[in-house]
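A.B. asks: Each chain, written out:
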Amino acid sequence: MGNCLKGSSAEDISLLRGSENGAETSDRLGPLPPPYREALPIFYPSPNVSRPVSQLTEEEQVKIAKRMGLIQHLPTGSYDGCKKNRECVICMMEFLIGDNVRYLPCMHIYHVKCVDDWLMRSFTCPSCMEPVDAALLTCYDSNN
Amino acid sequence: MPTYLTIYLLPTLAEPLFHCSTKLYVNQLRVLLTKRLQKELLSLIKDPPPGVLVDSEKAEQNLSIWTIYMKGADETLFAGEEFQLQFKFSPKYPFDSPEVTFIGPNIPVHPHVYSNGHICLSILTEDWSPALSVQSVCLSIISMLSSCKEKKRPSDNAFYVKTCSKNPKKTKWWYHDDTV
Ligand SMILES: [Zn+2]
Ligand SMILES: [Zn+2]
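As given, the protein sequences belong to chains F and D, one line each in that order.
Take the first sequence: its position 119, counting from 1, is numbered 119 in UniProt numbering, and each next residue is one higher.
Take the second sequence: its position 94, counting from 1, is numbered 94 in UniProt numbering, and each next residue is one higher.
Note that these hints are calculated values from the structure, not bench results.
A quick note: this is a predicted structure, and the numbers were derived from the prediction, not measured.
One thing to keep in mind: the hints can contain errors.
To be verified - Simulated DEER-style distance windows between Cβ atoms:
id: 1; chain 1: F; residue 1: Lys113; chain 2: D; residue 2: Asp74; range: 39 to 45 Å
id: 2; chain 1: D; residue 1: Asp127; chain 2: F; residue 2: Gly81; range: 30 to 36 Å
id: 3; chain 1: D; residue 1: Lys162; chain 2: F; residue 2: Lys84; range: 50 to 56 Å
Heads up, the beta-carbon is just placed ideally off N, CA and C, and yes, glycines get one too.
With these hints in hand, go ahead and build the complete structure from the sequences.
C.D. replies: Below you can see the structure in the form of C-alpha cells.
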C-alpha cells in the first residue's frame, strides 16, 4: 500500500530537451540508495534519437528499421469526410477532407505525421491502447 | 515475422533518422505542441471539469507551465479542501506526458501523494497516451482523491522525499495498487 515506488529512471537524453538538462542533472543527491537505483535509460527507438546512426548498436538499428517497416505497412489514405472519426486526438485538430491519414488495425485514424511519431515510441493505438503489432501479426497469419 | 519484411526494410533506415534530427522536425513538433496546448487551454477555460480552475493568465504568458486549482469533491474525505496542481509540458508533449505535481500550502494527504507533491499515477508515466489531455489527467486525479478511504501518506514517504529527483517523471513508479 502506498509503496508505489521502485527506482529512479535515468535521464532520457534527447536533442529536444537541450537546455533543460543542465539544470536538472544537478538536483540529484549523489548516488541513490538501492531501492531507488538508476534504471537503464529507456530506449525509445524514436525519430528524435539524437545519436547519429553510426553510434547506434546493430540491434538498435534493426529494431528501428523493423518498427519503421511495420509502420509503413499500416494503410494510409486521404480523409474522405467519414463522420465516425472527426478529429485527430494527437493534435486535436479536426480532419479536413484530403488530409493524409493512417488507419490502425482497430480502425482508429490519425494524421500520418502525428501518429508515426507516436508509433516509434509506443506501438499502441493512442485511443484504445490496442497493441498494433499483435493485430498486424494476426493479419499476416491469416493471410498465409 | 515474414522474412521479406526485413529485407524490404533495411534500406529505409538511414534516411528518416537523419531527416528527423533536423531543425525542420523540431519545428514541426513545436507547432503541434503550441496549437494543441492553446486548444486545451481554451477548452479548460470554457468547459472545466467540476471543481477545476486553470490560472489562464499565467498559462497564456507561459504556455509550458500551468497552475490548476482543484477542489476536493463533495462527500469525499477531501470535501472543502483546495489544492494547487502544476503541469509542466516538455517540448515533446503530447508524445511525452506532462510533469504533474501538487504545489502550494495544501498537499493532499493520500496514499499515492508524497508530501513533496509527487503523485504516483500510472497515466503520468508509463500509461500515458497522446489521446489523454490536461482535462483527463485532472479527472483521474479527482477520482483518485475521491476514492480515498483513509487519509495517510505513502508508507515510504520520508525516504522517497529525501532521495527522489525533483522531477517525478524520473521516478520509476511501481503501480501495484489501484484500489486506493
Ligand atoms: Zn493530427
Ligand atoms: Zn484504436
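A.B. asks: All the hints need checking, so say for each whether the structure fits it.
C.D. replies: A quick look at each hint next to the structure:
no.: 1; hint: F:Lys113 / D:Asp74: 39 to 45 Å; in the structure: 44 Å, holds
no.: 2; hint: D:Asp127 / F:Gly81: 30 to 36 Å; in the structure: 33 Å, holds
no.: 3; hint: D:Lys162 / F:Lys84: 50 to 56 Å; in the structure: 51 Å, holds
The structure is consistent with each of the numbered hints, conforming to all of them.
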